[in-house]
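Peer 1: Each chain, letter by letter, is given below.
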Amino acid sequence: MPHDHPDHFHHEGVSPSGHPYRDDNDGPLTYWQRMEIAVRELLIEKGQMTPVEIAAQIEAMDSRSPTNGAAVVARAWANPAFRVRLLENASEASREMGFDIGPLNLIAVQNTAQTHNLIVCTLCSCYPRNLLGLPPDWYKTREYRSRAVCEPRAVLREFGLDLPATTTVRVHDSTADMRYIVLPLRPAGSEGMTEAELAALVTRDSMIGTGLPRQP
Amino acid sequence: MAERVRVRAITPPGHVRAPWYLRGKTGMIERPLGEFHNPEQLAYGLPAAKKRLYRVRFSMAEIWGEAAENVTDTLDAEIYEHWLEPEDTHAP
Numbered sequence: 111m112p113h114d115h116p117d118h119f120h121h122e123g124v125s126p127s128g129h130p131y132r133d134d135n136d137g138p139l140t141y142w143q144r145m146e147i148a149v150r151e152l153l154i155e156k157g158q159m160t161p162v163e164i165a166a167q168i169e170a171m172d173s174r175s176p177t178n179g180a181a182v183v184a185r186a187w188a189n190p191a192f193r194v195r196l197l198e199n200a201s202e203a204s205r206e207m208g209f210d211i212g213p214l215n216l217i218a219v220q221n222t223a224q225t226h227n228l229i230v231c232t233l234c235s236c237y238p239r240n241l242l243g244l245p246p247d248w249y250k251t252r253e254y255r256s257r258a259v260c261e262p263r264a265v266l267r268e269f270g271l272d273l274p275a276t277t278t279v280r281v282h283d284s285t286a287d288m289r290y291i292v293l294p295l296r297p298a299g300s301e302g303m304t305e306a307e308l309a310a311l312v313t314r315d316s317m318i319g320t321g322l323p324r325q326p
Numbered sequence: 090m091a092e093r094v095r096v097r098a099i100t101p102p103g104h105v106r107a108p109w110y111l112r113g114k115t116g117m118i119e120r121p122l123g124e125f126h127n128p129e130q131l132a133y134g135l136p137a138a139k140k141r142l143y144r145v146r147f148s149m150a151e152i153w154g155e156a157a158e159n160v161t162d163t164l165d166a167e168i169y170e171h172w173l174e175p176e177d178t179h180a181p
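These protein sequences, in sequence, are chains A and B. For the first sequence, the positions run 111 to 326 when our numbering is used. For the second sequence, the positions run 90 to 181 when our numbering is used.
Keep in mind that a hint or two might mislead.
Claimed, not checked - 30 Å max Cα-Cα, derived BS3-like pairs, lysine-lysine: (1) A/K250 - B/K114; (2) A/K250 - B/K139; (3) B/K114 - A/K156.
What the hints assert, rightly or not - Sample of chain A residues lacking proximity to chain B, with all beta carbon distances greater than 12 Å (derived): (4) A165; (5) A166; (6) R174; (7) V219; (8) L233; (9) P262; (10) V279; (11) R280.
In short, the hints are calculated from the structure, not lab data. C-beta: ideal position from N, C-alpha, C; glycine also.
Build the full structure now, drawing on both the sequences and the hints.
Peer 2: This is the structure we're talking about:
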């Protein structure tokens, strides 16, 4: 039964749907939450920005998604000249497609028949947000960040990707000002597909390197 | 900047962007990335001079020794020039 919880003898604090009630977010603010509110209110009071501008910026970030990156990858698969430009300067190539990526310094790393690339940020959670949107929660965990650099093959196996020893794994730690996107290998059997059809094969994880594109 | 470089094995306090697991490790410069304002000052809102940034490629064997999953696998990281020294510099 979908609503069968292991603790179904204890119905206190459980909603009529059978799920536990979620706490209201009226606990005390953390230091950094208070700091964010203080800075935001000061910026508004001093006329540096308006609440409308802040809301618009949040909305712009929320509207970014892996489909932006998928369009870039699909064009690189379909258009060899664009692929060259993407590998030379991924920021310019993304802007050329009309993506507003702000000051993002993007590097595209290309998978080949012999090489598989994996992206991580061990120091924090650097991610090409301005192109792909917010990172998945696991990308920010201490476990992924530490294990991706010392046992990438074991991590990839947990994602369902068991690479042969003959494939070279290249891990990229985003330690400073650059952000990374993996240009996965174009799947066999995708010949003749349109750019839009190709983009539908590109998953978020295939652009982080923890997965491969879908098979057509 | 030499082709083969070592990440300086120093432990300054503060907001540094050279990961601990690469300190004292030797790698090859994969490509220069240009100059960026030094994040070690930026993090504190201080005037930050521009520093050259490099992508350095390390072998997993260099980083993890015998514990490496596959010795030919590599790790690339961005390291600022003031964290790098030529390989032949005597390690501290």
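Peer 1: All hints, please: hold or fail.
Peer 2: Hint by hint, here is what the structure shows:
For a cut-off of 30 Å, the pair hint linking A/K250 to B/K114 stands: about 25 Å separates their Cα positions. Pair hint A/K250 plus B/K139 holds up; C-alpha atoms about 28 Å apart against a cutoff of 30 Å. For the given pair, B/K114 sits about 48 Å from A/K156 by alpha-carbon distance, which is inconsistent with the 30 Å threshold. Distance to chain B confirms A/A165 as a non-interface residue, since its nearest Cβ pair spans about 26 Å, more than 12 Å.
At roughly 26 Å, the least C-beta separation between A/A166 and chain B is larger than 12 Å, which holds for a residue marked as non-interface. With a cut of 12 Å on Cβ distances, A/R174 stays outside the contact zone with chain B, its closest approach being about 23 Å. Separation of A/V219 from chain B is inadequate, the least Cβ-Cβ distance of about 8 Å not exceeding the 12 Å criterion. Not every CB of chain B is more than 12 Å from the CB of A/L233 (nearest about 6 Å), against its label as outside the interface.
Non-interface status of A/P262 relative to chain B is broken: a Cβ of that chain comes within 12 Å, the nearest being about 7 Å off. Under the 12 Å C-beta cut-off, the non-interface status given to A/V279 relative to chain B is violated; the minimum distance is some 4 Å. Its beta-carbon lying about 5 Å from the closest one in chain B, A/R280 breaks the requirement of being farther than 12 Å from that chain.
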